[in-house]
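In case you want the letters, here they are:
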Amino acid sequence: MADNLLFFTELIAMPVLDLKGRRIGRVKDAALVPLLHASRVDRFLVGGGDAWLTVRFDQIASIALGAGIQLSDEQLVPYHDDEYMLRIARDLLDQQIIDVTGRKVVRVNDITMRIQNDGQRDFLAVTEVDIGMRSIVRRVLQGVLPPLWIRRLMRPIPPNSIRWEFANVVEPDPLRRLRLNISYNKLEDMHPADLADIVEDLAPAEREAIFETIDSEVAADALSEVEDPKMQASILEALEPEKAADIVEEMAPDEAADVLSELEEETSEEILDEMDSEPKTEVRELLEFEEDTAGGMMNTECVVLHENASLKDAMAALKGNEDLLESLNTLFLIDADERLTAAVPLARLFLAQNGAKLKDLATETLIQVTVDEKQDRVTELFDKYNLLTLPVVDEDGKLAGVITADDIISVLRQK
Amino acid sequence: MRKLLGRFRYHILVFFAVIGPGFITAVVDNDSGGIFTYSAAGAQFGYLPLWTLLPITVLLIITQEMCSRMGAVTGKGLSDLIREEFGLRITFLTMAALVAVNLTNVMSEFAGVAESLELFHVSRYVSVPLVAVAVWVVVVKGNYSSVEKIFLFACVFYVTYVISGFLVKPDWKEAAIYSVKPVMMLEPSYIYMVLGMVGTTIAPWMQFYLQAAVVEKGITAKEYAESRIEVIVGCFMTSVIAFFIIVACAGAIYSVKPREIQDAGEAALGLRPFGEYAFKLFSIGLLNASVFAASILPLSTAYTVCEGLGFEAGVNRRLREAPIFYALYTLLIAVGAGVVLIPKFPLVKMILLSQVLNGMLLPFVLIFMILLINKRDLMGDWVNPRWFNQISWITIVLIIGLTMAYVGVLVRGMQ
Chain A
1 MADNLLFFTE
11 LIAMPVLDLK
21 GRRIGRVKDA
31 ALVPLLHASR
41 VDRFLVGGGD
51 AWLTVRFDQI
61 ASIALGAGIQ
71 LSDEQLVPYH
81 DDEYMLRIAR
91 DLLDQQIIDV
101 TGRKVVRVND
111 ITMRIQNDGQ
121 RDFLAVTEVD
131 IGMRSIVRRV
141 LQGVLPPLWI
151 RRLMRPIPPN
161 SIRWEFANVV
171 EPDPLRRLRL
181 NISYNKLEDM
191 HPADLADIVE
201 DLAPAEREAI
211 FETIDSEVAA
221 DALSEVEDPK
231 MQASILEALE
241 PEKAADIVEE
251 MAPDEAADVL
261 SELEEETSEE
271 ILDEMDSEPK
281 TEVRELLEFE
291 EDTAGGMMNT
301 ECVVLHENAS
311 LKDAMAALKG
321 NEDLLESLNT
331 LFLIDADERL
341 TAAVPLARLF
351 LAQNGAKLKD
361 LATETLIQVT
371 VDEKQDRVTE
381 LFDKYNLLTL
391 PVVDEDGKLA
401 GVITADDIIS
411 VLRQK
Chain B
1 MRKLLGRFRY
11 HILVFFAVIG
21 PGFITAVVDN
31 DSGGIFTYSA
41 AGAQFGYLPL
51 WTLLPITVLL
61 IITQEMCSRM
71 GAVTGKGLSD
81 LIREEFGLRI
91 TFLTMAALVA
101 VNLTNVMSEF
111 AGVAESLELF
121 HVSRYVSVPL
131 VAVAVWVVVV
141 KGNYSSVEKI
151 FLFACVFYVT
161 YVISGFLVKP
171 DWKEAAIYSV
181 KPVMMLEPSY
191 IYMVLGMVGT
201 TIAPWMQFYL
211 QAAVVEKGIT
221 AKEYAESRIE
231 VIVGCFMTSV
241 IAFFIIVACA
251 GAIYSVKPRE
261 IQDAGEAALG
271 LRPFGEYAFK
281 LFSIGLLNAS
291 VFAASILPLS
301 TAYTVCEGLG
311 FEAGVNRRLR
321 EAPIFYALYT
331 LLIAVGAGVV
341 LIPKFPLVKM
351 ILLSQVLNGM
361 LLPFVLIFMI
371 LLINKRDLMG
381 DWVNPRWFNQ
391 ISWITIVLII
401 GLTMAYVGVL
411 VRGMQ
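Same order as they appear, the protein sequences are chains A and B. In terms of our numbering, the first sequence opens at residue 1 and continues consecutively. In terms of our numbering, the second sequence opens at residue 1 and continues consecutively.
All clues stand as given, with none of them false.
Here are some, though not all, of the chain B residues that point toward chain A, as calculated from beta-carbon distances under 10 Å: (1) Val73; (2) Glu85; (3) Leu88; (4) Arg89; (5) Phe92; (6) Val215; (7) Lys217; (8) Lys222; (9) Glu307; (10) Glu321.
To be clear, the hints were calculated from the coordinates, so they are not data collected in a lab. Predicted, not measured: the structure shown is a model, and the values here were computed from it. Note that CB positions come from ideal geometry on N, CA and C, so glycine has one too.
With the hints as extra help, turn the sequences into a complete structure.
In structure tokens form, the structure reads like this:
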């Protein structure tokens, strides 16, 4: 263990000495001011008699574990709470933070800091957040044994910590979040499923804080991945209707309809009112269907062509629907009356001759269901015919939507 | 009118959706220790102790309501809140005590399993390992909702006590009178019995379990009205079952010849002259209660400890994701079941010890609870109203006083 490391538990109760080396008090807490510097400990709160004093980092000459904090300037001001301060003992210790690289929610046991010198003075930089057994032992023994004994005792226990840069503090209060310069940008790069797992581990207020702040598109993906429909609903409910509408617009229509159907009618109407007209009509149509029928399961996002279309038309259609490509595997053909006539597996397009008719590439048998088909029957069909997609038609035979294999997997998982 | 009916229907639906936490906690409260206490009370004093049930129910409701309210409003477990508000050291000590207390509780549950199956001539060397493994597998392989369903199903089995109560043909008139007519006697064994009934009914683990279950089920402040009803109904169910146990033993044992009984198995045997069914149902009830509590206690303990200390926890996680959770869970079951199999192990002493430890930890937990529920930054508008706060303090002081008196009596008896 390098000597210039200092743990927050060791900093607490460290004596603070004035210019003549007299003790004026002990450290009670320390604070970062994230707007000024992301990792430097900016203020030390020192308790002597009745009131706490604030020591700015540039009033300190040296910091050492055995000797304490030596000041270089004695003009100290009394402590008053300041919203720009992230106080370590109050706001960080024992609270939950998000480990962005480890993709989980953890509780802060201790903070590791490094004593650095910039030529004029020593200052402390927060380097790691300690979460393991080692820091538990340290916290429990703090004040009971001398710090150097504790350090020796801890040696055999493997450390467990996350780098400060990859730790994300969760702050439910939007104003304070802004003042403390806490953003959830780091979360946006995560896989939506991981983000959903994290969100599920948090308490409702923190959950909402994240969904309020992150990009709507990321929020939509993450919300779709939250497994419990009740939780999805309560997240949307807690958001402002405009923000909720932004998120719902970005979701696949079938999933949006599923979530909205969990809400109370009043709330879901409020959200629908805020939505753009195109996704709104789609979602509204889907909301009409019973949840456990083909209509309730299906998605309206699919690529549809006229039955006489050629390979070239298909390519053009795909170019126009790039956002669907990631999970697309079938094209559908309809006649002049919009009735479904054939399904074309996407892969066949690659082997087709130039100028071929899509009709000739279609599957031999067209398997389809009507909107009121029962969920169990739909699942059965997927199993029996090894389907990836299944078209759903209304009573006139018009294509209403598609059910994809991932819908079936969700259904089966929920059983 | 139609709207009113619609709202009513909505509340009923929400009520069924929130069923689980309150029922399960309240019902598990009648574990093997509880059954023994009630049987002993009925066997020795007949219908006289029945009056205590109503006040006990009130005490139970007041404590349970606070927990479920904290869970619903904050979305955090009790150990989470203790950690965030009182720091790691206090949490660590509380958790260490909780593990010790609950370990002795688990022992008494497995003793109950052994006892009840020995009534059916199954050796404890067969029954205890089998039950231990079964309990472990169900929880480890299950997820929260499937485990909850099994637990709710087990609740149904408590009806065996109601039936056996009827089969004994007790004196209903007397039972009704003494249910509302307080009888105080200054006889030491009577006071001891009354204290024991309070002591077994309000235990530390319940507060942790209930709050965690409310959180895990995703009950929010919005559904809290229904959840509160569920908790209250659950508390009444506890007392109804206790009522029938006391009545059965009063009718079967006290009215023949009042005597002290040594364990719940003896109570079951006492019912035998009133028919094989009365005996069998009573024994099955004991088995069910023991197995039920033996599966919930280790689970709740592991969960609480991991939450408080910041380790990954929960039955929804896999073994590798939450190693400490599963290790603790397994250890509690293995040790709890193991000691029952050690010949000449002082089991009765252990069970008494478990009651003593319960009583010693309870005051701390209750005081944490009332401090937490009065924090406005946690609870917002859901803090205790003034009048309720006074009632809560009186309740807590009363419970602490009674439990300490009980602990005193037990400790004196153990020497």
